[in-house]
Amino acid sequence: MDMLGFLGEALSARNLMFALLGVIGGTVIGALPGLSATMAIAVMVPFTFALEPASGLIMLGAIYTGAIYGGAFAAILVNTPGTPSAIATTFDGYPMARRGDGDLAVTIATIASVVGGLIGGLLLLTLSPMLAQVALRFGSTEYFWLAVLGLTLIAVLSEGNLVKGLMGGCLGLLLSMVGVAVVGGDVRFTFGQRELLGGIGIIPALIGLYCIPVLIDMVARPGQHLEAPPAGRGFRLLEAAGIAIRDFWNLIRSSLIGTVVGILPGAGGSIASLVSYSEARRTAKNQAEYGKGAPGGLLSTESANNATVGGGFIPTLVLGIPGTPPDAVILGALLVQGIRTGPALFETQGSIVYTFIFGLLIATVLMLPVGLLIGRYAFRFIVATPKALLVPLIAFMTVLGSFAVHNHPSDVFVMVALGVVGWLLNRAGYGPSPIVLGLVLGQIAEQGFVRAWMIGGARGDFMGQLIVNRPISWAIVALILLTVCLPLLKTLRNRRMKEAS
Amino acid sequence: MTDRPVTRPDLPGAAVALILLAVGLYAVWTSFAMTALGAIFPRTIGGALMALSVIQIGLSLFGRGGQASGEGREASWDGLTRRLGLAFVMIAWAVLFPVIGFVVTSIVAATALIVLAEHERPSLLTWLVRIAVVLAMVGAFYWLMVRVLYIPMPRGWLF
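These protein sequence lines map, in sequence, to chains F and H.
Everything in the first sequence is counted per this note's numbering, starting at 158 for the first residue and increasing by one.
Everything in the second sequence is counted per this note's numbering, starting at 2 for the first residue and increasing by one.
Don't take each hint at face value.
As the list claims (entries may be wrong) - For the chain F half of the interface with chain H, some residues (derived, Cβ under 7 angstroms), not all of them:
#1 Ala377
#2 Ala552
#3 Phe553
#4 Ala585
#5 Glu603
Hints were generated in silico from the structure; no laboratory data involved.
For each residue, glycine too, the CB sits at the ideal point set by N, CA and C.
Please model the entire structure based on the sequences and the hints provided.
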């Protein structure tokens, strides 16, 4: 069967129905903080055994892509990134919602997610074997530098007071060290509490640091949480499409960053969206608007995190190495269906794999109407619901979502404790984002650095292992220097121009 | 995102910096009991946190504390009782739900939050509708978690 035949198979009524159901289910689950794509896929796996392999996989892929996109709703409308990949979506999405552009923000996120998902899927379809080699070239050193690149966002987010931002980042890094160290096995900062041996869960921490302060502020003031849009304003699709077209290069670049980072096992959507946000801001003309509701920030993060879906499938299918937890569950489903992953997969079982990839692309396209409709109702719901109902609903979801991650009550306590501490820190001018960046990227940075140290130590050439003999690291370090130095140079230039005038 | 320089001392900023100085000191202190591999990051980051805290204490006391980001700019203390009330309800919810049971604590806590978030005097019917919504929400999600996602929810003493 040729490519058109696979496409026709993916477009069959049965596969379309599974793709649609998967996207709807995934979007709704992704929109609920704490309920993850992994959980939804794991629940659905047994049901897919009764289906044709391609149909079952299409449904799982659709749930995955829908859930990654659905995370944008909570991030934009209630400042709660239910998943790490939606952290950067809060930076500009929530300010847009606060100023009355929540509907535009949701539509921009939908368009960006569709474009990002399509680019990731098309690269999966066309360049999988070649791109899989990229994953093999990334060692622990490159992961370390990639995490440092993500951490440079602290400088971007802390222009008002860099020192406070850096302190928040250090606090986040220390929080990421709580528990048993992966390298070395030391028990660190647990205060004798058994519950802390596994570390501080990223999702409960995210929910707490971002959502609890919003809830605390919501109860303090009367009135609605978000302003109601003027009647008959609609989806604002043309306006959002215009913004996306004007910022087309940002969209493409972020999607490519998302795909490449998605290929790297363990890196995932959080690094992809943070790195693409950092790059979008660095190259934007309206840098000062980033963090205050710039549509370009939203375009970059949402396109990047959805591009990681296609990117993550590349090492999963070609190398049998799952890039993310949902990829790992889908890999399990593939094995149960008798599909053996590996470089020869595209020849030996091409009919299933290509039909699946086409199905994933179709599911991504279906995200546009589905996302616009669900997003419209989610926005209207948040706008229309009185605070007296919205506060308990959101609070209930934070408790439920934090508990559901590991089925452990201590996660709920961590969520609430970090939320209250985060609110107090925010009152003193220490924002939550640097803490979150440190927490999310800390483990990746530490493991990458310590492994490079061990390998370099064994070879007697630590600097060679860390940077000198690693061309990919040079490129990432160059990006880090650009991200950190360019704003400083611009500030100096502006100051000189002011003095001269 | 540049702020105007703050001219008066930033005492909350200095107080937090003092606490973080102690956190950094603790991280460095405890790192001496760790293996070389486990100690390198806590010692480095703890040391950096201590240095930054000292700088921030100086900046805050000399009136150059500033804000870390735009996120804290709307800081205000109006409605402090309600804010503290919400924090108290959330902490009590987190502590008690494994002991008393998920359903009962969720219903009680959500009802308390309805009261905290209400600034008007709604009718009795409105109250009843809201409590019915809370019951439906807790019931529906309990069913979803236990029956669909097979996540065991704590039943505690009461349910």
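Broken hints, by number: Those not satisfied: there are none.
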